[in-house]
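Trainee: Next come the chains, spelled out residue by residue.
There are 2 protein chains.
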Amino acid sequence: MNYPVDLEKLINYYQKLPGIGEKSAERLAIATLEFSEEEADEFSKAIINAKKNLTRCSICGHLTDSEICNICSDDARNKNIICVIEDYKSIFSFEKTGTFMGTYHVLNGLISPMEDIGPEDINIASLLSRVEKLDNPELILALKPTVEGEATTMYIKKILENKNVTISRLSYGIPIGAEIDYLDNVTLEKALEDRKKISEY
Amino acid sequence: MNYPVDLEKLINYYQKLPGIGEKSAERLAIATLEFSEEEADEFSKAIINAKKNLTRCSICGHLTDSEICNICSDDARNKNIICVIEDYKSIFSFEKTGTFMGTYHVLNGLISPMEDIGPEDINIASLLSRVEKLDNPELILALKPTVEGEATTMYIKKILENKNVTISRLSYGIPIGAEIDYLDNVTLEKALEDRKKISEY
Chain A
114 MNYPVDLEKL INYYQKLPGI GEKSAERLAI ATLEFSEEEA DEFSKAIINA KKNLTRCSIC
174 GHLTDSEICN ICSDDARNKN IICVIEDYKS IFSFEKTGTF MGTYHVLNGL ISPMEDIGPE
234 DINIASLLSR VEKLDNPELI LALKPTVEGE ATTMYIKKIL ENKNVTISRL SYGIPIGAEI
294 DYLDNVTLEK ALEDRKKISE Y
Chain B
114 MNYPVDLEKL INYYQKLPGI GEKSAERLAI ATLEFSEEEA DEFSKAIINA KKNLTRCSIC
174 GHLTDSEICN ICSDDARNKN IICVIEDYKS IFSFEKTGTF MGTYHVLNGL ISPMEDIGPE
234 DINIASLLSR VEKLDNPELI LALKPTVEGE ATTMYIKKIL ENKNVTISRL SYGIPIGAEI
294 DYLDNVTLEK ALEDRKKISE Y
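So the protein lines, in turn, are chains A and B. All residue numbers for the first sequence refer to the working numbering, where the first residue is 114 and numbers rise by one. All residue numbers for the second sequence refer to the working numbering, where the first residue is 114 and numbers rise by one.
Just so you know, these hints were derived from the structure itself, not from any lab. This list has only true hints and no planted wrong ones.
Which copy? The list can't say, so a pair holds if one copy fits it or any two copies do.
Listed next, the in silico DSSO-like pairs over lysine-lysine satisfying Cα-Cα at most 30 Å (straight line): (1) K158 x K209; (2) K270 x K246; (3) K192 x K122; (4) K165 x K122; (5) K202 x K122; (6) K122 x K158; (7) K158 x K202; (8) K129 x K202; (9) K136 x K257; (10) K129 x K158; (11) K122 x K136; (12) K136 x K192; (13) K192 x K271; (14) K303 x K136; (15) K192 x K209; (16) K209 x K122.
So here's chain A without its partners, still in its complex pose (with noise of 0.2 Å):
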């Protein structure tokens, strides 16, 4: 296609981004060309600034435009439980059920013997250190479930055995909203294993 440079930049940089395909990319570009000056500056300045700002929190390894999130630094969050997670993109799925009122931990990865990625290369020893400031503290494993997740989940077990620590997991199972027969064999074993007394509920 024979786009005018500065539109194909845009379109190429709009390709960049995940899910963006050429199509997209140039619906995209050509959006961005209707927007007024003033909305085109400030979506300019946006990317400059968020990459600029952002940094992770110290505490828990969160995107922060402080020191300290806003979660860590919130009161009416409870510090004792700490949701263990590989990446800070599932604290906003996490946040969005409104639920959840402890606090994160971010990883930054998973174990991995295949890809020679061991504990000390994730941020297990800052965990450590959080958990032992902490009075009976509960660490809410949410790790998927792949060999990776499961070694570190298994690792995080193992390290903190005869701490004073709660350690529970995500429960597997099958997702809301699915048909049983469409399911596949692991979930649906899952699902048995896990399964709950109904005077549980």
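We have chain A already, so just place chain B on it with the hints.
Mentor: This is chain B only, laid out in the frame that chain A set:
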């Protein structure tokens, strides 16, 4: 959602783009944070430059970064064939076919008595003055099959009636790959009306 301020701004701008909902805007904003410093800088500049440098071709109304667009200034294009369109965006679609070697004329709107848009509100005068300078030109009216599209087609046909201009319109019919059973009535009716003898093929 309690996003860091700079992330929220970026999400808000992505959400102004067509087809980008809240969830996608979050995904795109986070992906932008994962750009390198240089990439983010270039992306930001691309927005400003596209907005600043792109104008309309003084001949056809297409997007261009110089006075005359790359199509009107291309000696290989047949200046005697003009494809008349509502909006410059259609040019990208036609160009992707790779088969049209004529030029374009962007009306920048359609005649609409309902919305009080008359022939003088769209680029028809400039079309006429282009046509008058040509010898035996062909106009291909590629306007959408709505009341406004038809009104504009009829108007252009009428004012050029006694001039030596061949006027055609795009064919209506069954889109390639469509199931006849699922076609709407009007398309099917048009496909019947516009039927072609197999020998013309």
